[in-house]
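Peer 1: The chain contents come next:
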Amino acid sequence: MNHAHNENEPAPSRRRPLMIGLVGLLALMAAGCSGAGPQTALNPEGPIGRTIDDLWELVFILATIVFVIVQVALFYTIVRYRARKDDDGEPVQVHGNTRLEITWTIIPVVILAAIAYPTVKGIFDVRAIPQGEDVLQVQVTGHQWWWEFEYVDLEDETGRTLVTANELYIPEDTEVNLTMTSADVIHSFWVPVLAGKRDVVPNRVSNLTLIADDPTPPDAPHPGQCAEYCGLAHADMRFKVHVRSQVDFDAWVEDQLAPAQLPTEGAAAAGYAAFGTCVACHNATVSGPDGIEDIGPVRTIEVDGVTFTSSLAPDLTHFGGRATFGSGTFENNREHLAQWLANPADLKPMRPELNDIEAGRILGMPNFNLSDDDINNLIALLEGWD
Amino acid sequence: MVLDTNKDLAEPKGIWSWITTVDHKRIGLMYGVTALVAFFVAGLEALLIRLQLTTANGTVLSADAYNQLFTMHGLTMLLVVVMPVGAAFMNYFIPLHIGARDVAFPRANAFSYWLFLFSTIMLLSSFVLGGAPDGGWFGYAPLSTQLDEFVRMDYYAIGAQLLGIASIMASANFIATVFTMRAPGMTLMRVPVFTWMAVVVSFLLIFSLPIFGVGLFQMFFDRNFGTQFFGGGGDPLLWQHLFWLFGHPEVYVLILPAMGIVSEVFPTFSRKPLFGYPFVVFSGIAIGFMGFGVWAHHMYTAGLGPVAEAGFGIATMMIAVPTGVKIFNWIGTMWGGKVRFELPMMFAIGFVSLFVIGGLSGVLHSVVPSDYQQHDSYFVVAHFHYVLFGGGVFGYVAGAYYWYPKWTGRFLDEKLGRWHFWLMLLGFNLTFAPMHILGLNGMARRTYRYPEGLGWEFWNQVATVGSFLIGISFLFFAWNLIRSRKNGRVAGNDPWDGRTLEWSIPSPPPVHNFDEIPVVEHVDDFWHRKYATDEDGRAVRMPDVTGGTLAAETTTGDDGEANRGSPEDMHMPSPSYYPIVAAFGVMVTGYGLIYIPVGWVAAGVGLLITLWGFFGWSLEPVTRDAHHD
Amino acid sequence: MTSQTAPVEAQEHHDIRPIRKAAMWVFLGSEAMFFGSMIATFLLYRNNTADGPGSEIFDIPFTSASSFVLLMSSLTMVLAHNAFEKRDGRGTRIWLAATALLGITFLAGQIYEFTEFVDKGLTLSTSSFGSSFYMLTGFHGAHVAIGIVMLLAMFFLSLEGRLHEERGLNVELVGLYWHFVDIVWIVIFTVVYLLQA
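Sequence lines, in order, name chains A, B and C.
Quick note: the first sequence uses the working numbering, first residue 1, plus one each step.
Quick note: the second sequence uses the working numbering, first residue 1, plus one each step.
Quick note: the third sequence uses the working numbering, first residue 1, plus one each step.
In short, the hints are calculated from the structure, not lab data.
Wrong hints could be hidden among the right ones.
[Unchecked claim] Simulated pairs of lysine-lysine, DSSO-like, Cα-Cα distance not exceeding 27 angstroms:
#1 Lys120/C to Lys21/C
#2 Lys415/B to Lys338/B
#3 Lys85/A to Lys415/B
#4 Lys85/A to Lys486/B
#5 Lys338/B to Lys530/B
#6 Lys486/B to Lys13/B
#7 Lys85/A to Lys338/B
#8 Lys486/B to Lys415/B
[What the hints assert, rightly or not] For each label pair, taking beta carbons as the anchor points, the in silico distance ranges come out as:
#9 Val109/A to Thr105/C: 21 to 27 angstroms
#10 Pro130/A to Leu51/B: 43 to 49 angstroms
#11 Glu452/B to Ala128/A: 53 to 59 angstroms
#12 Leu51/B to Ile146/C: 30 to 36 angstroms
#13 Asn97/A to Glu452/B: 55 to 61 angstroms
#14 Leu188/B to Arg99/A: 22 to 28 angstroms
#15 Pro597/B to Val109/A: 53 to 59 angstroms
#16 Ile146/C to Pro297/A: 26 to 32 angstroms
#17 Pro61/C to Pro297/A: 48 to 54 angstroms
#18 Thr59/B to Tyr117/A: 30 to 36 angstroms
Remember, predicted model here, so these are calculated numbers, not experimental data.
All C-beta atoms, glycine included, are put in the ideal place defined by N, C-alpha and C.
Okay, chain A solo, but in the shape it has when bound:
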């Protein structure tokens, strides 16, 4: 009869590497819980984020306890009952123990039932759509690969609403209700520091509530990004949430609702001449000698009774005032802008060759083979529109 001969029967020191591994793992996890980074879910900056994080912590602690118990039981068992060279006997051929089976079925059920209650409560809390006049209503249209924001209750005297892209400004301590849909494929809106994510689905309307405790420094907004794979530049579909005091927010709104000024001289004016190429897709609200004009295509989509702005490209009326562009991906400065205008695909992967403006399908900004002069002029124009 063949028995496997194993001369290297493990000594008790086998325990050590395993224990080291276990401790190392725990240390790793503990290190991770220091919550590094501005896009972390572990240091929430708003009540909804805290609701989620508190629940997470509770369950994580329970899970850690279970983890320790099970791993200790496992390693204790293999150490205590390891085959020893001098031991010739055979073990008792135990087949089972029904009482034990029932016990270790029921205990997990009880633990899970205990966390089920706060879980269900948490769902309804987080999913509740805020109601009332004090709620700031923002409509979000997801595009490949940028974010469109419309503040539907904030209008100027002419009835134009505040439309912007990629940089979301909200007042502190205010319930913000995002009503969202997609113009093309499924996206997901995620700013971890404030809240969990919510998918942005074509032909459907979804809601997400944001509440932020405190204003953010101007150079450090809360970062967010698309969290549902949406194609080539999914990784570069980011956005920023700027939190302002109510006063600063109101000031920002006023600035944004004001139209851009039509430049009359210098590089900016030359830039405006070249801008004609851009308005095949981009929008701007420009105030000139003939009054206020909306240039660029205006499109809307209707989903479940809600009308969403659905432009082909970001509104550029106040582009100069944005800290980033390319959907929150690039710092808005001369150097990047020049690169972008020279060939957008150098900075961000896109498929503009598949654009079909008629059908409303836009998969990126084409390379217009702009001259260096045009580029400089356009930069002058856009920088002036802050």
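Since the structure of chain A is provided, determine the placement of chains B and C on it from the hints.
Peer 2: Here is chains B and C on its own, set in the frame of chain A:
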């Protein structure tokens, strides 16, 4: 008593014998080899991904290349590696565990393998034929139906469909086998746990794959015929429901065979029976059932509404219970036993330890509000790699070290094996433990790059180092597999002092498996031919009166001669080339469909080849030279 | 400890029908999920008619007639199986042919219906309703067609005297398949045609 092998039962040789084989053991080995090669391909894809993500704003891969690589890494690992590895073990051992000579439909079995191989070739060929699928392995619509300028997602729609057909056929085969071909006395509650899990898995596939199949057809039609299943007036969430109704049972398909293997390894190397055999079996069945009720936990952020989210959340929590039962039973198996740290046992213990971590992170996901943060982040990536790799791969590797002596008659090398184990354990944890942290710190999945300033660089670097360690560990494994066939220490029939029927026959087994079909009286029947129990319940080795074969004693007939069958009466199914022909035809049809409208001709030709294969197959006798009564 | 070795013959020459029946039932189980998913899809989209026609273009009397035809084919299928069990070759062939003929009639009716619907503006791409309707009924028709092929195959095998009970296609198995396809149609007819929301 050794049977004289006559010509019909001699082990056939040569490539043609492999191409026409209908022997479940050879088919199992072919599945295994193919899956291992695919593992290296998918592993390479992973290493490229890791290289790209080592630094912020990485430039190793373009976004387009990255998106194809992560899609194919997932698709390959799930459908071309882990599922076929399970199929490899199931093919080889289901008949041996139940005391049968082959599966119910040997030619269909071969067909399933060839269709699997050809579909894999087709899928992988997409890399050089315009681009591999790039919509993620989960293929969410309408992204997956958006671009008909590329055929990439048609490769996905057709490739996954063909793989599914192969699996459905194999599943029907296995179910029919286990339900109708068990040896006398082998009641269902005496069937080894591994084979029980194979049955559960087969039912899961039978009921879940067709749902995925409908979704794939709908995707294909949306892409090619202008239908509106997911776009236009359609609802993108329909795809998600259809996909996850398959996708969730699928993950149990991936893990249950590994759990079955671990349920064989633990008793053998603890020298005790599996603790709570009925509970382990029923928990597997429960997991199968419940697995159909939790699919929308992949969709908590999709917009199901709080009531549905709560319902699925609770259901998901509950599925942790039968899983926990198994863990406790495995520990209970070792308790009071004599645990030998042979390589199979080391990997099996690794399975339990790592799977628990994955299971617990799964419970964290079931807490729906937490999942609003965790979904689509690297936390999910960490979770499923812990259960699928820390669990699944460790379990399947345990099976390889356990059963390699049975396949080849030799042991895998001890030293190489330990290098494999420790490197894999270390590399695996270094790769995937940090991903829990990355996910909670906001790193999203399926992103080809990430910016500086978010604190993600360090753990990504750690993960990359770990991934290369995994790669190296598998080089040890591959070298061991190849080298030990000729150089490994010779193993006999029963190198581990095993408990189940496969250890009662030679290593490697003869074509006909058993000289005589055993009559079974216990679970772990083979163990009971070797050991009795004393008054304390301890195992006691019995003297061997069978001259080394440990075959069950035979009765004698009226003529005093042993009542045994003779070789001439053993009708092994004959080899056939129709399965590979039919499978080839299906592949040609698949290629044709991918390239319609130009491809209609090819599709037609493929259909004809397939029909020729099927007709030939149905008119050909199962066994040549069969004598009639 | 004595035990009786089962003679090898017992395993080799056993009746293969239970094995094949088990496989057919399992296959039908998967088919049930297949059609179930398509029915669910149709239920989701039955009112998504876009600007195209909806269920008002259905001709219930006509479809009732072709449903009746298919139902009768299940009866002839039972008769065919009966005759086969009684080893009545001629009877088997008559009823197999009748079943196939009724199936062909049903398909002809489907094709006629579809051409009418297309004329009235309902195609695969008109709307989600059109897509899901044609996919469901189209796959069903394909299953009927495959069934007809199997029926005819058995008819010709029987003519050549090759329709044994233990080898080749088994009349009972094809019967199971045929009845299943019929039951699916009953569900489709009820859900799609009769129970219009």
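Peer 1: Now tell me, hint by hint, if it's right for this structure.
Peer 2: Status of each hint after checking the structure:
no.	hint	in the structure
1	Lys120/C to Lys21/C	44 angstroms, violated
2	Lys415/B to Lys338/B	22 angstroms, holds
3	Lys85/A to Lys415/B	20 angstroms, holds
4	Lys85/A to Lys486/B	30 angstroms, violated
5	Lys338/B to Lys530/B	17 angstroms, holds
6	Lys486/B to Lys13/B	17 angstroms, holds
7	Lys85/A to Lys338/B	10 angstroms, holds
8	Lys486/B to Lys415/B	16 angstroms, holds
9	Val109/A to Thr105/C: 21 to 27 angstroms	57 angstroms, violated
10	Pro130/A to Leu51/B: 43 to 49 angstroms	45 angstroms, holds
11	Glu452/B to Ala128/A: 53 to 59 angstroms	37 angstroms, violated
12	Leu51/B to Ile146/C: 30 to 36 angstroms	49 angstroms, violated
13	Asn97/A to Glu452/B: 55 to 61 angstroms	56 angstroms, holds
14	Leu188/B to Arg99/A: 22 to 28 angstroms	25 angstroms, holds
15	Pro597/B to Val109/A: 53 to 59 angstroms	57 angstroms, holds
16	Ile146/C to Pro297/A: 26 to 32 angstroms	51 angstroms, violated
17	Pro61/C to Pro297/A: 48 to 54 angstroms	51 angstroms, holds
18	Thr59/B to Tyr117/A: 30 to 36 angstroms	49 angstroms, violated
Hints 1, 4, 9, 11, 12, 16 and 18 from the earlier list are contradicted by this structure; the remaining hints agree with it.
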